[in-house]
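Visitor: Let chain S serve as the given structure and place chain E on it in line with the hints.
First to last, the protein sequences are chains S and E.
Take 1 as the starting number for the first sequence in our numbering and just add one per residue.
Take 1001 as the starting number for the second sequence in our numbering and just add one per residue.
Across the chosen pairs, the derived CB separations fall in these ranges:
#	chain 1	residue 1	chain 2	residue 2	range
1	E	1096	S	68	25 to 33 Å
2	E	1026	S	80	30 to 38 Å
3	S	17	E	1069	45 to 53 Å
4	S	7	E	1010	26 to 34 Å
5	E	1095	S	40	23 to 31 Å
6	S	32	E	1052	21 to 29 Å
Rough simulated footprint, nothing fancy, chain S against chain E, three-plus residues with beta-carbon under 8 Å:
#	stretch
7	1041-1048
8	1099-1106
In case anyone wonders, no lab produced these hints; they're calculated from the structure.
Ideal Cβ placement from N, Cα and C applies to all residues, glycine included.
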Amino acid sequence: RKEVEQDPGPFNVPEGATVAFNCTYSNSASQSFFWYRQDCRKEPKLLMSVYSSGNEDGRFTAQLNRASQYISLLIRDSKLSDSATYLCVVNSRDGNNRLAFGKGNQVVVIP
Amino acid sequence: DGGITQSPKYLFRKEGQNVTLSCEQNLNHDAMYWYRQDPGQGLRLIYYSQIVNDFQKGDIAEGYSVSREKKESFPLTVTSAQKNPTAFYLCASTKETWGEQYFGPGTRLTVT
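Same shape as in the complex, but just chain S (with noise of 0.2 Å):
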């Protein structure tokens, strides 16, 4: 099993629709839980930490459920600036200071 796995997609999402992507991970004991921002041929960037309580920043919301080991990302109010690849990132099971990347979920926004 891999370590983080996400529907690639690409999620079309009409602008001003809301979309929404899981991501799970393999290791039960995983401690730190992101979601990075891709641009194409751009590196990637932090969008949130994900919280055990679950976190929002505007119009982005990320949760956390640890007994299903999964995390997930909700997009609001789509705008056309959002389209990129959202990577989800979990530390990695072999116990170093090492994280995992997923292979990212593709936000297409459409007018």
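Guide: The following block gives chain E in isolation, referenced to the frame of chain S:
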């Protein structure tokens, strides 16, 4: 401004040549990482270093070498032994264990 720089942005080399990619950070981070990304793929860890003069192999270290002589610098050498070197190479650093990593802008290497 604090950040991570990588140079050059684009690099072209002939097969059989070694090439060194630069990564510098002024964030005072202890840990630094090198990743490789191929089209449609996730990031794969090549090497990482948690402290000066120490580094560990990642998942795909074969054909690569690194050094960490200074806290600010973590250069990556792609050797001729690397079978498929053409890729997007990303350097990252982090302040604390399992903390978020910050990425440089990347180097796109093409070997023909």
